[in-house]
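Colleague: Okay, here's what each chain looks like letter by letter:
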Amino acid sequence: MFKDLDPILHSQLRLAVMSLLIGVKEAEFTFIKDKTGSTAGNLSVQITKLKEAGYVEVIKQFKDNYPQTICKITAEGITAFETYVKALQSYLPK
Amino acid sequence: MQQQEFSPQDSLNLIESMINKARNRFSENGHLYLLWGWVILICSIVSFISLYRFKDFRLYPVWFLTWVAVIYQFIYIFRKKKEQTVRTYTDEINANVWMVFVIMGGLMGVILSKMGHYQLMNTMVLILYGMPTFLSGVIFKFNPLKFGAVICWVLAYISTLIPYEFSFLLLSMAVVTAWIVPGYLLRSRYKNQN
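One line per chain: the protein sequences are A and C, in this order.
Per my numbering, residue 1 is the first one in the first sequence, and the count goes up by one each step.
Per my numbering, residue 95 is the first one in the second sequence, and the count goes up by one each step.
For the record, the hints were derived by calculation from the structure and aren't laboratory data.
Small disclaimer: the values here were computed from a predicted structure and weren't measured.
Idealized CB from N, CA, C, for every residue including glycine.
Honestly, I wouldn't trust all of these hints.
Computed, partial: chain A to chain C, Cβ under 8 Å [claimed, not checked]:
{"hint": "1", "residue": "8"}
{"hint": "2", "residue": "12"}
{"hint": "3", "residue": "22"}
{"hint": "4", "residue": "26"}
{"hint": "5", "residue": "27"}
{"hint": "6", "residue": "31"}
{"hint": "7", "residue": "35"}
{"hint": "8", "residue": "40"}
{"hint": "9", "residue": "58"}
{"hint": "10", "residue": "59"}
{"hint": "11", "residue": "61"}
{"hint": "12", "residue": "65"}
{"hint": "13", "residue": "66"}
{"hint": "14", "residue": "78"}
{"hint": "15", "residue": "82"}
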């Protein structure tokens, strides 16, 4: 029986962001941008979608007079990620 | 990274590669191990010379070097935190382990001095050195630190069998094996990563 894949996570860049954040306490926007190789604009749009879904917490602050965006995965995000991975497993040949 | 249709297998591959990208980042460059290793090495050798050669504590002010190291460390950590773009759980746990070590070391120093058991100081310090060093070895999966910690504990026992002044030589051996050698190895591992 195939399970439905969470449409929020079943997108390359959003899944990449979540996979990065699941392993760290928090990460700056620039770190995520470097690791995913995405453009700032696209990444910003995808992070906003994750934030709206409640999967990611976004903290905006200033560092040395420059704006800094920090992202961290929420408890809801961790649960969604785990559910997504379990659902993926049902698609794989046994 | 483009938005496009991708299969469940692609998803798993992407997850694996991203998790590895975050996990394989090795943030420990060994700098503070080297700083403290060399400072304690100098202080312990000078203390040994003071007790062995002059039979008194005249060279003990060398330990004020540790205060200089503390000030430098504060500045270094402050700057490093500003440069960090990611905070991992391992970094946080490791920082807390060393904070516990500093608190326990400080308390132990005050209590032993107050009770007049200063001759126990080096033995207790050696026991204490082993704790954060071993745990950092576990956290960073870095065996030289674990090995160095075990050496500290062996030297702690040996220090109870020899005259007090020689325990400073054990202290210097401990920092070489637990901090200086692993510090250089960590530095080279960090440089290779970049």
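Colleague: Does each hint hold? Answer for all of them.
Modeller: Going down the list of hints, with the structure as the test:
1. The closest approach between the C-beta of residue 8 (chain A) and any C-beta of chain C is roughly 13 Å, which is over the 8 Å cut-off, so the hint fails.
2. Given the 8 Å rule on beta carbons, the hint for residue 12 (chain A) holds: about 6 Å separates it from the nearest Cβ of chain C.
3. With 8 Å as the threshold, the beta carbon of residue 22 (chain A) comes within range of chain C, its nearest partner Cβ sitting at about 7 Å, so the hint holds.
4. A hinted interface residue such as residue 26 (chain A) counts as satisfied when its beta carbon comes closer than 8 Å to some beta carbon of chain C; here the least separation is about 5 Å, so the hint holds.
5. Proximity of residue 27 (chain A) to chain C holds as hinted, the smallest CB-CB distance being about 4 Å (cut-off 8 Å).
6. The interface hint given for residue 31 (chain A) is met, as the beta carbon of that residue sits about 4 Å from the closest beta carbon of chain C, less than 8 Å.
7. For residue 35 (chain A), the shortest C-beta to C-beta distance to chain C is roughly 5 Å, which falls under 8 Å, so the interface hint holds.
8. Checking residue 40 (chain A) against chain C by beta carbon gives a least distance of about 12 Å; that is not within 8 Å, so the hint is violated.
9. Annotation: residue 58 (chain A) was flagged as interfacial toward chain C, and the flag is violated, the nearest CB pair being 15 Å apart, outside 8 Å.
10. With its C-beta approaching chain C no nearer than about 12 Å, residue 59 (chain A) sits outside the 8 Å limit, and its interface hint is violated.
11. Hint on residue 61 (chain A) is violated. Least Cβ distance to chain C is approximately 13 Å, over the 8 Å limit.
12. With its C-beta approaching chain C no nearer than about 12 Å, residue 65 (chain A) sits outside the 8 Å limit, and its interface hint is violated.
13. Because the beta carbon of residue 66 (chain A) sits about 11 Å from the nearest beta carbon in chain C, more than 8 Å, this interface hint is broken.
14. Restraint check, residue 78 (chain A) versus chain C: the minimum CB separation of about 13 Å is more than 8 Å; hint violated.
15. Look at residue 82 (chain A): its Cβ only gets to about 11 Å from chain C, farther than 8 Å, so that hint breaks.
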